[in-house]
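Could you use the hints to bring the two separately framed chains together as a complex?
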Amino acid sequence: GAVVSQHPSWVICKSGTSVKIECRSLDFQATTMFWYRQFPKQSLMLMATSNEGSKATYEQGVEKDKFLINHASLTLSTLTVTSAHPEDSSFYICSAPNRGLENNEQFFGPGTRLTVL
Amino acid sequence: AQTVTQSQPEMSVQEAETVTLSCTYDTSENNYYLFWYKQPPSRQMILVIRQEAYKQQNATENRFSVNFQKAAKSFSLKISDSQLGDTAMYFCAFMKQTGANNLFFGTGTRLTVIP
Numbered sequence: 006g007a008v009v010s011q012h013p014s015w016v017i018c019k020s021g022t023s024v025k026i027e028c029r030s031l032d033f034q035a036t037t038m039f040w041y042r043q044f045p046k047q048s049l050m051l052m053a054t055s056n057e058g059s060k061a062t063y064e065q066g067v068e069k070d071k072f073l074i075n076h077a078s079l080t081l082s083t084l085t086v087t088s089a090h091p092e093d094s095s096f097y098i099c100s101a102p103n104r105g106l107e108n109n110e111q112f113f114g115p116g117t118r119l120t121v122l
Numbered sequence: 637a638q639t640v641t642q643s644q645p646e647m648s649v650q651e652a653e654t655v656t657l658s659c660t661y662d663t664s665e666n667n668y669y670l671f672w673y674k675q676p677p678s679r680q681m682i683l684v685i686r687q688e689a690y691k692q693q694n695a696t697e698n699r700f701s702v703n704f705q706k707a708a709k710s711f712s713l714k715i716s717d718s719q720l721g722d723t724a725m726y727f728c729a730f731m732k733q734t735g736a737n738n739l740f741f742g743t744g745t746r747l748t749v750i751p
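So the sequences go chain by chain: X and A.
Okay, so the first sequence: first residue is 6 according to the numbering used here, each after it adds one.
Okay, so the second sequence: first residue is 637 according to the numbering used here, each after it adds one.
In isolation and in its complexed conformation, chain A is listed as follows (with noise of 0.2 Å):
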């Protein structure tokens, strides 16, 4: 079984600044994707980052990029440069890259952006 773990439930940054959003899991798959989705007050999921658990650079878009330790099972966000429209809850997912392609995901951290 897989699990997410996400021991930040809420975080709060200044507008500008940089955060760290952090999150841990746990397989025994040796292929698997990892993500990020932000799911903003509207409820829509956002894909914010993705990466491929065979890729060991670490995935970046944009203001948003990502610390992927395969071996400890870590896969943190660092939002660069906050934007007030960051606010949101974001959400650390799991998912196998073959069978089920369902997504596990984590209890979420609810980030504030303060102007």
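Chain X with its partners taken away, still in its complex shape (with noise of 0.2 Å):
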């Protein structure tokens, strides 16, 4: 099956640095990721829809500018959290519709867990 990977699985960085995170489709090509964050004993909520060659669309709230996203590719998006503050640590996730499928089956990375200290 469709394979989508996250990179680092785990960050902790200091208040005020940025962090990168990476998302790849490793066995299709996703022009469309979209990226989740989901605190702690809660659901998963919709932050961006990063779109390949374009800018990325952002849910109501999130701040596009403290949240920057980059879909260099067919199989890169990155997601970097700039001047990172406490209230970031959260987990993030992607996932990747792969369109090459009937019904644009979703496929999740493993995960994203930050930290700020």
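Treat the hints as calculated values from the structure; they're not laboratory data.
You can take every hint at face value.
No more than 20 Å apart at the CA atoms, straight line, and that leaves these computed lysine to any residue pairs for SDA-like: (1) Lys732/A / Met50/X; (2) Lys732/A / Thr62/X; (3) Lys25/X / Lys71/X.
Below, the structure written as structure tokens:
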């Protein structure tokens, strides 16, 4: 089946620093990728839609200047948390629909746990 | 806008027994997909079962089956012969068939299978 990887799987950083998270589709091309955030014991909330070759679309309440998204190729999207603060500590998950499948089945990365000290 | 509601924050079931998790949703779309995802402690999202809204027949995957009631906008998951490995968070999710393909998730149900 299709595989989506994320790197790193966990990261600890100091407040004020920036952190980059990578999401890769390993065996299919993804013109679109989705970034979700999951706080402890809560559901997944869509942050933004990453579009290859164009600007990302952000959900209401998500600061585009804080969460920079770049979709540089058909297999890679990156999320950069700029000037991270403790309230940004969360579990970040990406997903990619495989448009080669009839129902655009989505495949999830394993997630990245971000802890900001 | 789409909303997905799971009214059971926690459920438990004895091993080998059957349990049903509830999910309701609201949408003005006519064509869409519904999913149940499992999130074990590893936090990797795992697709359990999928239902196309245009199909009247309820989807079944081994021990997992759904009761899809389109008019009532209800989509419950039945797990038969529960196993210890079924212990996880279960999320009901909605996806439009056309346009944006992001998933809208419910708040989740934490299922514990008791040995």
